[in-house]
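Kindly generate the complete structure, drawing on both the sequences and the hints.
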Amino acid sequence: MANAVTRVICRCEDAQEHKNLDLSECQLMQVPDAVYHLMRHTELKSCDLSGNVITKIPPKFAVKFSLITELNLSHNQMSKLPEELAELQELERLDISHNSFIALPPVTCRIPQLKRLLANNNSIIDVDVERLQRAPALEYVDLRENTIPPRIHDLLLVNLGKLKVELTPRQVEDWEDLNV
1 MANAVTRVIC
11 RCEDAQEHKN
21 LDLSECQLMQ
31 VPDAVYHLMR
41 HTELKSCDLS
51 GNVITKIPPK
61 FAVKFSLITE
71 LNLSHNQMSK
81 LPEELAELQE
91 LERLDISHNS
101 FIALPPVTCR
111 IPQLKRLLAN
121 NNSIIDVDVE
131 RLQRAPALEY
141 VDLRENTIPP
151 RIHDLLLVNL
161 GKLKVELTPR
171 QVEDWEDLNV
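Residue numbers (UniProt numbering): 1 to 180.
Calculated from the structure, these hints are not laboratory results. Just so we're clear, the structure is a prediction, and the values are computed from it rather than from any experiment. One thing to keep in mind: the hints can contain errors.
Computed beta-carbon distance windows for the label pairs [what the hints assert, rightly or not]:
hint : residue 1 : residue 2 : range
1    : Q89       : R131      : 14 to 24 Å
2    : Q89       : Y140      : 12 to 22 Å
3    : Q30       : L67       : 16 to 26 Å
4    : S66       : R7        : 19 to 29 Å
5    : Y140      : C10       : 27 to 37 Å
Ideal Cβ placement from N, Cα and C applies to all residues, glycine included.
In structure tokens, the structure reads:
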């Protein structure tokens, strides 16, 4: 436990100089309040929280780290994101891969500058395709290795304009070949 705390403090001190907070693989269950305190005078450009056991990001995260352009939340245990992430005016790249999402979080389509969204390797079965098309700056979405149903999968394959969507090729079920 003491080693983990020391690691977090050292990485926060490093981020004060480089503007990139790397708290990956720190055994975190949440973003500690001490992190917000230590980083209060630093304008972070990126934040890496990957490889922890975080289940949720608090709403204040978007307020405290409002200028980040990259956020890596991969390899955690999240199933939802706070609506306040839409307030991250500079965020261009969001990685929520390898989590427990069953739906693509609606807030991801409201982040004004978000260009790249990595949501692969979740359990996503629901994607609001129309909302995805209306995302203001989104150019690329990775939805590979999810359990997207055939109807939504097919909708994601049609022309989405400037938006490129990566999908795992759909396995045709035996019953789909039946002629009635």
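Checked hints:
A beta carbon spacing of about 19 Å between Q89 and R131 agrees with the range 14 to 24 Å that was offered as a hint. Under the hint 12 to 22 Å, the C-beta atoms of Q89 and Y140, about 20 Å apart, fit the expected range. At roughly 22 Å, the beta carbons of Q30 and L67 sit within the given window of 16 to 26 Å. In this structure the supplied range 19 to 29 Å holds for S66 paired with R7, their Cβ-Cβ distance being about 25 Å.
For Y140 paired with C10, a C-beta distance near 34 Å keeps the hint of 27 to 37 Å intact.
In summary, this structure violates none of the numbered hints.
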